[in-house]
Structure formats: C-alpha cells, structure tokens
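*Asks:* Protein chains in written order, with our numbering: chain A, 1 to 417; chain R, 1 to 417.
Bear in mind the hints are in silico, worked out from the structure with no lab data behind them.
Wrong hints could be hidden among the right ones.
Since copy identity is lost for identical chains, a pair holds within one copy or between any two.
Mimicking EDC-like on lysine to aspartate or glutamate, the simulated pairs with C-alpha atoms at most 20 Å apart in a straight line are [to be verified]:
| hint | residue 1 | residue 2 |
| --- | --- | --- |
| 1 | K217 | E199 |
| 2 | K58 | D272 |
| 3 | K354 | D150 |
| 4 | K307 | D297 |
2 protein chains.
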Amino acid sequence: MSGLPDHLRRPPRGMRDWLPPQFYALKHMEDVLSRVAESFGYRRVEMPVVEHFEVLAKKAGQEVINEIYYFKDKAGRDLGLRFDMTVPVARALSYSLDVPRPVRWYYFTKVFRYDEPQHGRYREFYQFGIELVGSSTPRADAEVLHVLADSLSAAGAVDYVVKINDRRAVDKMLEALGLSAYRDVIYRALDKKLKLPREEVVAVMTSGGVPRDKAEKIYDMTSEMPLQEAADHLTRLDQSLGAHYAKLVKYLDASTGLGGFRFDMSIVRGLDYYTGIVFEAFAGEYKLAVGGGGRYDDLLELYSGIKTPALGFAIGVERLMEAVGLHNVEKPLDYYIYIFDDEAYPQAVAVAKKLRSAGFSVAVELGEKSLKEAFEYILKIGTRYLIIIGKKELERGVVKIRDLQKREEYEKPINEL
Amino acid sequence: MSGLPDHLRRPPRGMRDWLPPQFYALKHMEDVLSRVAESFGYRRVEMPVVEHFEVLAKKAGQEVINEIYYFKDKAGRDLGLRFDMTVPVARALSYSLDVPRPVRWYYFTKVFRYDEPQHGRYREFYQFGIELVGSSTPRADAEVLHVLADSLSAAGAVDYVVKINDRRAVDKMLEALGLSAYRDVIYRALDKKLKLPREEVVAVMTSGGVPRDKAEKIYDMTSEMPLQEAADHLTRLDQSLGAHYAKLVKYLDASTGLGGFRFDMSIVRGLDYYTGIVFEAFAGEYKLAVGGGGRYDDLLELYSGIKTPALGFAIGVERLMEAVGLHNVEKPLDYYIYIFDDEAYPQAVAVAKKLRSAGFSVAVELGEKSLKEAFEYILKIGTRYLIIIGKKELERGVVKIRDLQKREEYEKPINEL
C-alpha cells in the first residue's frame, strides 16, 4: 500500500502541525504571556472557533470578510471560523451584562484567515491578547500599553518598539486640511507608509482625488516622533486630545518608561472599528508588526446595544516566536526503565510510580527491544537516566542507573530511590 | 441601538463559551491530565483544526462522515473540521517517519462533530488522549490502560470502570457460530447492549438475518465478567489471544490493580478501524462513557503506506468534568490598588510591579471609581487585598492594606511590601 500522496500528508495550505519540540516552544510562549496577563488581573476566556457568520461580519470590513472561512451547516446556518477574538468576546459580553466593569479578559488561542500564505502569515495561527472593557480613561490606555510592553519583554523581545497614533488626531488633521471627504483613501495610503516609498504613498492619495500638494503635506506631517513630543503636537490639533496624551505619557513614564514608544501618525490600522488610540508593536529587526490594537468605543454596542468603551491588543504568536528566534523546546525523558523479562515488571512499575509521583517522566520498556536497541532509542528521543533491572539486581533489591548526561553508572537500593 | 438578536448573542448551537470560571475549571483538567500523560513520557502535539477532507474521510465510517463540518476553500479544496485527533496524528506521522518508535504523543484540544446536541454531546468539545504508536505487545496495551486509569483517578473519577473487549474475540465467536457474514449487524446490535433491553438487541440481529436462537446465544455469551476471568474465557476461543490477555491481566494487576476493569464482549465501539483490544471508560454514576479507545493496527498504513501497530484512548473532557462535578474554578484577584488621584500613580505602579514580580495578580484603579464604587467592584469580582494609597499614606511612605478575607485593616511601609 502506498498511503497518502505527499500534499495530503502535510497540513492544509497555510497551516502547521506542532510536533513536540514546536509545541513546547508554543507552550513556553503561552505560559510566559499568560503569566503577564494574569499578573495584571486579567482572566482567561475561550470561545468556539466556529461563529455565526452574521456576528463575524458585523465587525469585519470587506477586506476581512473576504478572509473568513465561511460555510453553512446542514440546517442552513451561516457559520464561519473566527478571524480574531475581539468579536467572540464582544458577543459573549452581550449576554454577560452582569460581569462587573471594567472587565479584564485575555486569550491565547487559534484564529483563522483565508489569506495568501507567506512569511509570517498563516491561515491558522495563535493570538494572545487582552481586552479591557468598560473604561475610557487615559489610565486604561496606559494599562493596555503596559501589559503589551511587559508581554513583549517577557517573551524575549526586550528591544520592542510600539508605534502609537490616535484616529482622532488624524481626523482632526484632515478636517483642518479640508480633506475629511478623502478619509478612506488617506487611511489606506498611510497604512502603506511603512512599506512603500514616499512617491507611491502620495500617488495612492492623488489617485483618490487628493490634491498633490496636500497629499505631500499629509505625508510629511505624519512622521514619527518621540512619544514625549506627542502631547504638544496633539494639543495644536485638539486641546483635550493633547491633555489625554500628556497624562498617558506621564503614566507610561512611571510604569514602563518611554524608551519603547514612538508616536507615528501613519499608524492607522486596517480594520475599521477603531475610535481612539491605535498602535502597532515591533520586535527588534523583525520586519512585520508582531502585534497591534487600539480603542474601539463603538464596537460593543453593535453586539449588546449598550455603548461601552473598550480597548485591547493582540499579538501574533508565531510572528513573535519568529522575531525572538524561539522555534523548538526539547523535553527529554527523565527515566527509561529497561527490564529483560516479565519477572521484573512489578518492580519496574513500582519504581516508575515512585518517580512519577515525584514529578519525573518515566517510560517502561514495552518488551520488544534488546538492551542495545533500547539504548539507541533513548539516545534518539533524549533521555536523562536509564534504569536497568536485571535478574541480579532484582535478587539484590537494587537497580542499575546510567546517567546519560554525566556518562556514569551506579547502583541504588530500590527503597532509596 | 438594539444590538444582536438573542440567538446570535449565544454561541452557535451545540457549542459553548468558556468565561473565566468555566475556563479555569477546563484549565484544571488540562493541567491534571497533561501531568499524567507527561509522567508516562508522552509528549504533547497539536494540529490544525482544519484538515483535508480526504484525510478525514479515509478513517471515518459513513456515520462519522455525516458528522464532519465540511467546506470548500476559495481554491476549491475540500476541507473539514477534525472529528478526532487520531486522524491528524496519523497524517503527521506519515511524513515524520524518522520519529523513533514507539512514539508516545498526547493531546488536549478541540474536535468537532455535527451531531444532534444533547446532554453530554457538544458539536465543539475537548478531547484529551494519547497515542502509543509502534508497539503491539501486551505491555503496550497495559500501558495505555494504565495511563487511562491514572488519568481518570487524577481527574477525580476514582470510581472509574473500564470495560474491555477484543474485536478478535468477537470475530472468533462469530466464526465458531458460523455468523461471520453477519458481523456488521451483530456489531451494531452489541453496541446497543448497554442502552436497550434484551428483546430489542436480539431484534436488531434477527432483522439483519441472524437466526433467533443464535441471536439470543450471542446476547447471552457477551455478558460482563471480571477481567481476571477473561484469559480463560478467551483461551477457549483462541489460544494466543488467551495468552495475550493472561499477560495483560498480570501487568494491570501489578500497576493499577484490577478493581476498575471488567471484560465485556458487548463493547465493540462504533468506529470501524479497531483491530484488537477496545474499551470504554465510565465514571461513577455518570451514564455516558467518558472515554474510550483501542488498538488500530491497520489505520496508520492508510496514511503512511507502512504497517504500524498503534493504540490509544480519548477522553471527552466536558463529560468527565460533568461526571466529577467540576464546573467552575474561581480565580480571585490578589490585590487591588486604589488611589485618589494621579499624584499617587507612580507609587501605585511601583507597588504593583513589586507584587506582580512576586507572583501576585494586581489591578490598579483606572481613575473612574470612588472608593465606595471600587470597594463594591472588588467584592463582586473576588479580591483578597485592597491597598489604598492616599495623600497621608503617600507622605508617610506607607500603604493601607485591607484584608478582605480576614476583614482586617493595617498599614505597612512601602519598602517592606
């Protein structure tokens, strides 16, 4: 028999298997990031990967709708795989109105986007993120940025840069320039500023009807600056916005320091639902954003009917792993117990039980391998100790222990293990 | 605005949201069960929830195929949501031929079945399970049953009963009775023996063409017995089968004891691919099986083209939680820090940082609540300590700590925290 053709042996396009060394790298990320979120009082949630399509579509712009894995069930219901966790969280909060506000929730789970797979872009991937629901203060903004910064550091991206902007600032600027009618095309152009040369970004705007001189002005006005300068800059556009950012800067200065933050008016984020602060996170030399988020004060009302301020961030876990170079974590076996025949089996399981209850991982020979074969096997899978219980050892109430790391061998009485 | 209609606020039919108290109950199960699997040297894997439909269909019988969430992607690929983890594991092993055998893998993850939702039956649910690939010895069978028994005990189902049978035994019996041609209908009938009265089970067989006297004989021959008696019973059907079970009984006697095991020739398991031992696990008074598994020595060849003995089990996590009465685990906040104004913010984040790095969960007031409101909030979410840093405390370098459990209040110098 020939088995599956090659392409069916691999996961579906744009998805990946997590065999043990990869899984434990992922698990390490889950542990580290969860610990950060928990330490800030966030509590974890999980929702179905399958959602009502209507619920997904309510948030998604057309671009995202095209990326939804969509299907009908046999009862004709329109379903889809979630493309983020903000939607399921908003849905769950729409019937959980008694959860005290602010709500601090986080997640570490799979989301799905039917996108063209490429470096750092999977069709099934993990997101870690938090949602802070029910507060509109600058301290809330600062807390979310604080958790983001601590998450990146804890994951090993100590050289993170978070580029911050505010949708209200961009809108004020467009208003001042009399360009509010061109908001969509200008957002689209700004979104490309990190990827394309000046000429092309300007061209996106002019081809959308923005006069050339104004398009150039917008390009130049949306340059990056230290976050410390943002408050003054924003005050010129809007007094209260400036005051909000003056506080935010003070808060961040006291918590994370300002070194990892920049203000960058070209950060607008593709998705349509942001209403205030928006940001993207970068890790060292890694080109793609490893995370992003912002404030979406109108989104929850779409689901619950109740106006509720909220913000959050999501980190692309595979990208972050890529950025910090975390690919494999080996989990060697602690003990392998070899016996020559059934006579020693009760002794082997008794020893194994003892070691397991002390927290060790222990495998007992299944009865097919010679000692030589067993030895080759445990070297391949990675093992710390080999325990041998032979006839002589059995009679004397001892086991032979081979330390595969130190390359030593010694005997130990069974009752001293 | 009115928000979503009620049915769209809830998860899709047959699926569920895991809000924090439910999530931490699930997480407890994940931790406990993973620890058992790891202690036996099993290593965790995860695969995409989306699979090639062809890969899924290769294992599934028609019954299961009808339960697959099926869809086409935009490139016309036939895809489906996995209905178990044995299939993705078999697929992954088909290109991982260099992983040393035996392979010990486990999983704790979501699977999907488009079934009629009812008590204990979800359309999206968690399975914990192991696969032991590459061994056909009775010790391998014993190890898998050992891990199953320890998993059930560790999860709190100390009164588990695992009902064991062997497909080869049933086939030998049918051969002896000259009924091999009626295998399918007899398997179908036996599968109902735990649920239907004798008359109806016999009727399933007779309506399939089995003579009435033989149908009754089969019913009576497939009664439950202590596992100790299985070897003798099987020896009468087949010498080598009897010898296999004599060893299995000896192994289990040495490891878990035999109290939790029964031999029951009516256990056949619906799925078609089992080739040897099959079993189902029950927990206390809970009616439905909480887990099951068996040996499938022909399955991996369908994927890899290479004959590979294997067996495993899967536990339905939601059912096991139901059976042991685990529904909610509360995770109270350790510290809530209240400050009256921005002046104390740097102090608050410094205290929070200290406590977080000591492993505590700490939330800092976001600046919207009065002390009274904050107090009501932290009582609702569940909090151990309230820390208050007011003007006076700030001047004296102390914080006020209210222990909400002991209902005490005291002061502490900040540098002694």
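*Asks:* All the hints need checking, so say for each whether the structure fits it.
*Replies:* For each hint, the structure was consulted:
When the C-alpha separation of K217 and E199 is checked against a cutoff of 20 Å, the pair qualifies only within one copy, where the shortest distance is 12 Å, while the shortest distance between copies is 87 Å. Taking CA atoms no more than 20 Å apart as the test, K58 paired with D272 passes inside one copy only; the shortest distance there is 11 Å, against 43 Å between copies. Taking the shortest alpha-carbon separations for K354 and D150, only the inter-copy value of 14 Å comes in at or below 20 Å, while the best intra-copy value is 40 Å. Proximity of K307 to D297 under the C-alpha cut-off of 20 Å is restricted to the intra-copy arrangement: shortest distance 7 Å within a copy versus 58 Å between copies.
Consistency note: the structure conflicts with none of the earlier hints.
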